[in-house]
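*Asks:* Okay, here's what each chain looks like letter by letter:
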Amino acid sequence: MEYKYKVSCSKSKLGDVREFLNKVLNENAIPEVTVNSLVLAVDEICANLIIHSHNCNPDEHIDLRVKVEKPNGITFFITDKGEGFNIANYEEPLLSDIVRQKRKGGMGLMLVKRIMDEIEFTSDRKKNVYRFHKNI
Amino acid sequence: MVEIKNHLENDIFTIFVIGEVDASSSIYLDESISEATKKHKKIMVNCQQLEYISSAGLGVFMSYINDLEDKGISLVIYGLSDKVKHVFQILGLDQLLKITVSEDEAKRMVNGIQV
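As given, the protein sequences belong to chains A and B, one line each in that order. Counting in my numbering, the first sequence runs from 1 upward without gaps. Counting in my numbering, the second sequence runs from 1 upward without gaps.
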């Protein structure tokens with residue numbers, strides 16, 4: 001099964017993204033704790049793109065595609081235009097540095113890396129595609 | 001959206017976090033903890049009605065760890081649902097923050113009594 005959703009680049013739309021994902025995942029009888037962590041990972045990516053790649057410009061948008069292939073797993077494709085960010089090369093900060101520097105950000109992509117089994121980034125002149133896969 | 005309510009009983013200030021804390025709403029949690037740490041030494045955060053937290057919310061708690069220690073403030077988080085607790089556990093934040101299950105245990109912890 002495939003599901004699609006288009007989201008405008010505003011932080012206030014993150015709740016709608018989560019509602020869409022919750023509905024899709026619950027329809028496919030995924031356990032609650034897994035559903036929440038997958039919703040979280042996609043929310044983190046969308047929040048990062050909305051804030052850092054699109055400067056919260058509601059005229060721009062991100063496309064989500066969710067592919068559920070039981071029993072193999074779930075694949076999330078997040079596509080946008082603009083400056084891409086190669087998440088596969090992301091080096092995570094140390095938690096002790098975050099605490100010491102009193103940083104409120106920096107843990108989103110750490111969560112994504114822990115939650116997803118595969119992370120892939122591809123980019124051409126037209127678009128960036130962030131692909132995440134979770135085995136179930 | 002998130003709703004924040006406060007309650008003061010004796011010297012314990014409790015913050016009730018209700019709803020969803022994400023990149024758009026974490027500012028409200030931040031403001032309420034910031035205010036609480038200016039006036040109170042014993043703070044409990046009731047998360048019984050917290051349905052969702054993202055890294056923005058986790059980051060709020062993490063950013064106060066040093067200040068709490070410096071100012072001798074005890075802050076205890078309690079009442080997390082399984083799915084929200086799991087989010088704290090993914091990065092091991094449950095080892096860095098004071099988290100417990102019930103309100104009674106939270107009271108004992110905030111008062112400095114070993115649970």
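One or more of the hints may lead you astray.
As the list claims (entries may be wrong) - Chain B regions said to be covered by chain A (calculated; three or more residues, Cβ under 8 Å): (1) 6 to 19; (2) 23 to 31; (3) 36 to 42; (4) 62 to 70.
Calculated directly from the structure, the hints in this document are not laboratory data. Just so you know, even glycine gets a beta-carbon here, dropped at the ideal spot from N, CA and C.
*Asks:* Now tell me, hint by hint, if it's right for this structure.
*Replies:* So, going through the hints one by one against the coordinates:
no. : hint     : result
1   : 6 to 19  : violated (count 0)
2   : 23 to 31 : holds (count 4)
3   : 36 to 42 : violated (count 0)
4   : 62 to 70 : holds (count 6)
Taken one by one, the earlier hints fail for this structure at numbers 1, 3, listed in ascending order.
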